[in-house]
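Residue numbers (the numbering used here), protein chains in the order written: chain A, 1 to 236; chain B, 237 to 552.
The set of hints was computed from the structure by calculation and includes no laboratory data. Among these hints, one or two may not hold up.
What the hints assert, rightly or not - The calculated lysine-lysine pairs, modelled on DSS-like cross-linking and capped at a C-alpha distance of 25 Å, are:
#, chain 1, residue 1, chain 2, residue 2
1, A, Lys2, B, Lys310
2, B, Lys371, A, Lys76
3, B, Lys344, B, Lys417
Given next are the chains, with one letter for each unit.
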Amino acid sequence: MKKVIPIFRREIFAYFFSPMAYIVISVFLLLTGWFFTSDLFLADESSLRSVFSIIPFIFIFFAPAITMRLLSEERKSGTIELLVTMPITDMEIVIGKFLAGLGLLVVALVFTLPYALTILILGKPDMGMLVTGYLGLILMGASYISVGVFASTISKNQVVSFIIAFMIIFILFLINKFLLVMPPYLVPVLQYLSIDYHFANISRGVIDSRDLVYYLSLIVFMLSLAKLSLESRKWS
Amino acid sequence: MIKIENLTKFYGDFKAVDNISFTVNDGEILGFLGPNGAGKTTTLKMLTCFMPPSDGRIMFNNLDVNEHSMEIRKMIGYLPENAPLYEYMSVQEYLDYICDLREITGPKRKERLDKMIETCGLSRMIGKDIGDLSKGYRQRVGIAQAMIHEPEILILDEPTVGLDPNQIVEIRNLIKQVGEKKTVILSTHILSEVEATCNRVVIISSGEIVADGTTGSLQEKMAGQSTLTLEIKGNTAEMADVYSAIKGVEKILSVSSSGDSTSCIELGVKHGFDIREDVFRATVEKGWVIYEMRQHKTNLEEVFRQLTLNQGAVTQ
Chain A
1 MKKVIPIFRR EIFAYFFSPM AYIVISVFLL LTGWFFTSDL FLADESSLRS VFSIIPFIFI
61 FFAPAITMRL LSEERKSGTI ELLVTMPITD MEIVIGKFLA GLGLLVVALV FTLPYALTIL
121 ILGKPDMGML VTGYLGLILM GASYISVGVF ASTISKNQVV SFIIAFMIIF ILFLINKFLL
181 VMPPYLVPVL QYLSIDYHFA NISRGVIDSR DLVYYLSLIV FMLSLAKLSL ESRKWS
Chain B
237 MIKIENLTKF YGDFKAVDNI SFTVNDGEIL GFLGPNGAGK TTTLKMLTCF MPPSDGRIMF
297 NNLDVNEHSM EIRKMIGYLP ENAPLYEYMS VQEYLDYICD LREITGPKRK ERLDKMIETC
357 GLSRMIGKDI GDLSKGYRQR VGIAQAMIHE PEILILDEPT VGLDPNQIVE IRNLIKQVGE
417 KKTVILSTHI LSEVEATCNR VVIISSGEIV ADGTTGSLQE KMAGQSTLTL EIKGNTAEMA
477 DVYSAIKGVE KILSVSSSGD STSCIELGVK HGFDIREDVF RATVEKGWVI YEMRQHKTNL
537 EEVFRQLTLN QGAVTQ
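Extracted from the complex, chain A is given alone in its bound form:
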């Protein structure tokens, strides 16, 4: 598994030595900053609830934008051929790329810490909710990124990869919004599958093993799919 490190390092490097990282982080901060400041004094509440509730939506676009190039670009330029003929397993490649995507997402979240600092200065926020809120965002972001890595293995075209990732995430996000019209026996299943439902739990300050298991299993599942998809060159 130590080959994960050079892959991770190269991808992080590729993000920060191209405009990519700066553009997505700027857009991310612009949106979250606006939601943070616009009702900070109106609501008169020392919490990051408005930011924490909008970030999951922003991530739906943000995560695919980060991940779309991870493998699509390698496939398009043909560098994938060199990479997979190196003494490195397909799983190491997938994990390295996943961690790099997650790394960029965490960097973006780190830049939102000034919001937390602001409310710490202005009031007395619930520290537990702040911490679990960030934990929830990272877990949720990681699961989005894993979907994106899988989508990126599917197509040479980055736009196609973006759209596939966006669709899968969007469905996982929306799945618990239609519970009212679903047959009752499906409700618990759909609720469990929903990314948003688990995030709601965590951001309330409740760390439940069921939510952790959900996110981790989604990540493992998606990365395994990505590995399979990368291996599909061997099937024909």
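Given the coordinates of chain A, work out where chain B should sit on it, guided by the hints.
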């Protein structure tokens, strides 16, 4: 030693490589020759563990590609077609990255990097982005990347495509230099390249091996063979039958109508025959007229053409 036995590869229904077998001995520079789409790249992709064969076996010494992929990958240096590289990395960063992946560490790393930069003539380009390099330099970076871990086997897919004549000579010398100690397999569709660098050649066409031998033996085999080009005024449809009946004609290489009632016809002549007189008599007998008759020795280019042209059209 690399042993390839009954190797077959299907892409869906399409048979790209059809039951080929050959061995590559240690220290050999093998030219893997064939027209575009003959299955060269597919075969190399199977050798480098990019994808497994549909059928057949590839053995490196005593390791099978399916079972010992990781060990074999460590032994191989590979330059894929068109030298795919990361555009946004500098040469130095890229080679560092490859060292990481190949686990070249410590003092060894510096030594190998310096050696590769020197051998491949990259010292002036070391800080430049790969995307800004010319085709020739990219190819050199690709070769440096393939040799950095001192592989026992070097596999190069069309290493000189797109290079200018000076660069081609340089790369060939580089390959020869490496081939003194290592096994090299290089694919190409350029014949002079094989003559210049390889000591053995395997010619492949439509997924099948059509020739396998040293460059010398191949030339010898075909030496003395000649072709006769004729321009005849007469009945085109009958020509193939009339001339293939002549003793000493190996095969009709081509018949083409060149306007009016004249046709050009190319005959392959067996070793040691001079058929010009017989051709003359046969033509006169038919009441046709000879406009042109030209005899010339077959060179390697033509050997290649004869071997790889669609067989059906050639032998008719």
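Quiz prompt | Unmet hints by their number, sorted upward, for this structure | solution = none
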